[in-house]
Amino acid sequence: MMLAGEPLVPLLAAAAATGLRSFKPQELANVLWSMAALPITGQEVAAAFGAAAEAAAGSLKVQELANTAWAVAALKLEQPSLVDALCAAAWAKVEHFKPQGISNTLWALAAMRNLHLPLTAGLCAVAGLHIQEFNVQNVVNSIWAFAKLPAVAPRPLLEPLCAVARRTSGEFVPQHLANTLWSLATLRLQHPPLVAALHSFTLQRVEGFNSQNVTNTLWSLATLESCDPELQEALCYAVVDRVTSFNAQDLASGLWAVAALGIWRPDTVKGLCRASRGQLAEFTAVGISNTAWALAVLCSGEGWQTAYPTNKK
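152 is the number that the UniProt record's numbering gives to position 152 of the sequence shown; each next residue is one higher, with no gaps.
Quick caveat, the hints were computed from the structure, so don't treat them as lab data. Please read all numbers here as calculations on a predicted model, not as lab measurements. Just to be clear, a hint being listed does not mean it is correct.
Here are the computed lysine-lysine pairs in the DSS-like style, where the Cα-Cα straight-line distance is at most 30 Å [to be verified]:
1) Lys76 / Lys148
2) Lys93 / Lys76
3) Lys76 / Lys61
4) Lys24 / Lys93
5) Lys24 / Lys98
6) Lys98 / Lys61
7) Lys148 / Lys93
8) Lys148 / Lys24
9) Lys98 / Lys76
10) Lys24 / Lys76
11) Lys93 / Lys61
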């Protein structure tokens, strides 16, 4: 990041906090969005702007509402009354939302695990009217949001979203590819044309995958019971290459996926086991359970049907 450490950033935040009372609704929204885009500002300043945005929520325009909701989620502000005010104001204007506002607001609700049913239903209805206008980021964020909030995932909307994702998948960067496969797997959503496209582009771009992308993709293939030997081999090479940078969740998920897919590659399995030994203290109960299951399956050679893991990423 070119401006990381730039002294102007904290000075600007301090100046903004000092003049907070003079900010108009649009200016409040802009500053909150900027704070989230520049993850440097202290939470105290962000919380003060959040309180001011709550009071001004009814005066915010559609894009300002979406941007502010996104910022609140990205900043992880614990201000329930602010979220309620933003949701109420957004619901009152939901028919005016455009693709970016729709996807940003859905992403924010999902990131905050906020099941605001009226707003979600309204956003889904409006999304259906604009679905062909969605760009790559819009469609990826929306599918991811529904995977995080499966209780409100509208199956009739998911089909056209997947069709748009398939059409635009050639533009997906590694994060988009991994997130979309993870979303489909989490939703247990079978969409063969999209999955085939994601496999193809993942194979082309796997060298650009980071550790989490690699293990999320392996987990997704296993969950979707998707057999693509060439892609599996490429991902196994990626595991060997990156395993020293895996965190505890990556390691547990990677071992579970390798076992569930029936992959026995000594370099991959031993690399995951070796790295896991140094991070066992960080494993969750689910991680320990899934790792034990994976080792039992890999040692027995009897296939994944011998036991039932906790299929949770």
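Review point. What are the numbers of the hints that this structure violates, sorted from low to high?
Key: 8
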